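These protein sequences, in sequence, are chains A and G. Taking this note's numbering, the leading residue of the first sequence gets 1, the next gets one more, and so forth. Taking this note's numbering, the leading residue of the second sequence gets 165, the next gets one more, and so forth.
Quick caveat, the hints were computed from the structure, so don't treat them as lab data. The model shown is predicted, which means the values in this text are computed figures rather than measured ones. Here a beta-carbon is modelled for each residue, glycine too, at the ideal position from N, C-alpha and C. Treat the hints with caution; some may be incorrect.
Just so you have them, the derived chain A footprint on chain G, three or more residues with Cβ under 8 Å [unchecked claim]:
#1 168-181
#2 503-510
Partial chain G-side listing against chain A, Cβ under 8 Å, derived [as the list claims (entries may be wrong)]:
#3 Asp-355
#4 Thr-435
#5 Met-436
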Amino acid sequence: MTFEEFVALRLGALIRYATVVTWDPHLAEDITQDVLVRAQARWSRIGGLDAPEQYVKRMVLNEFLSWRRRKAAHLVLLPEETLDGIAPHVPDRTGAVDDRDLTRRLIAGLPPKQRAAIALRYYEDLSDEQIADYLGCRTGTVRSYLSRGLATLRAALPARSVRT
Amino acid sequence: MNNDIDDLIRDAVRRQEELAVDPDRIRAALPARAARRVRVHRTRTLIAVAAAASVAVAVAVPTVVLREAADVGVASSPATPTPTAPSTAAPSPGTATAPLRFKPTWLPSGLTEWQRSVPLTSEPDTKASVVRIWKTTPADEIANLGLYAYSSRQDKSPPSPPVVVNAEGTTIELTDPGREVEINGKPGYYDGRSTITWQVDPATKLMLVAPELGLSEDDLFRIARSVQPDDTRLHLPLRTGPLPGGVVAQFATVDGESPDSWEASLLAQRTMAAYVSVRFGTTDRVATGEGEAVTVRGVAARLAKPSGDTDTQVGYRTDWVLTVDLGDGRRLAVHAGSGPDSAAPALTREDVLRIAEQVELDPNADLDWLGG
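Bound conformation, chain A alone (with noise of 0.2 Å):
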């Protein structure tokens, strides 16, 4: 599959992961540009792998990771109280919320290895022994990823949401 090939056939596919990665869509039109520009010159030996399109994936989640390391001076902190109205501690029975939104704000909130766990598992449909290996580390550090923020999220949730 040559460069061109890759892109025309699996673009929308590859940006449509790096939104759910990174959960921010400005984000991930940043990351997948840059990492198409690397991949491409390296394609000789990328193209030439059985399966491109997950060395891509890979390459977009480590620049993921390395990215909010490099770009984290750049954000701008709110008070508590405003975050706690994105993602309230206390269940909220009021039933205004939309859950789902309300899921998507609080995976937003999940530190950025317990999201991109989540991701992989949710997203991709990958087992926890994949996902180590796409995370660079051992299958019960995943698993922890996981019960942690499933645990994160159950706990912010509207009890009226999960079933236990």
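Take the given structure of chain A and dock chain G to it, following the hints.
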């Protein structure tokens, strides 16, 4: 609602997926992104070279994502300007101009036009943009105002309210999450920061980007709303006929600080197998004085054969660098290369010399727009 948490998460990731931006927008921006990456690399290389008192200078032209297409040449003789083509039309064989299509009719003071780039292929699915870039300081690699015109049907991506987190994992809401907008009655999207994209006609999108320029939102929108069709054509100061090695002309760029300091470049490639770039202008981005002494166009020239150079052109190994001092401050350079893992050069020494002999140059092309 009685969803369990797995269902809620799966639903959330699907909703998040739907916020992905239009792939066409990414595809259209890739050439500029590649060029920016190369320019930054080049700047760093120049600094390193200066520090080491070396004569080696890295030079590159943008790599572009394009399907191989019909061989479209660019002739040297200036053609009579014609009305704006209805689509992102590439220049026809035998012409030395290309349509620019759109321009802002209002810009903040201090911005001058610095670069124009046009696709040279007529493939209907070409995603390369017609690009015009303005800068306040040409030496600044990042801060600029860019107008990109590219083929794209109606945008399907919905407005996307970004929610991001900081390094500690804390949720952060951007001060402006972006929104749908109208530009002169056309649907568009503003990302809340520095980019406005709108569907200027059913087949064309315009993207106005002002990274690191510090423009106010009002000024950014004023620029966008001032954009009008432009029947100006870019006069290209160089032309190549059919090229050896199966390479096909992809796009041409003219950039510089003024009509006295400019460079025109043309990139041709056979994707990931061979490339040729031809540069002509007054700038001295290509070092001369190295390599085999040869005669080209009746003047002394140098033909160098770099070893393992994969930096000059992204994605390729550069096999040949020919530099010609044409006098009067004008220089010509031809770079040629192969796929990085190819065993032998895709183009021969004779191929490179022939390209330099046959390229047609127009030192009198209208470049008055540079710096204006």
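Need the list of violated hint numbers for this structure, in ascending order. none
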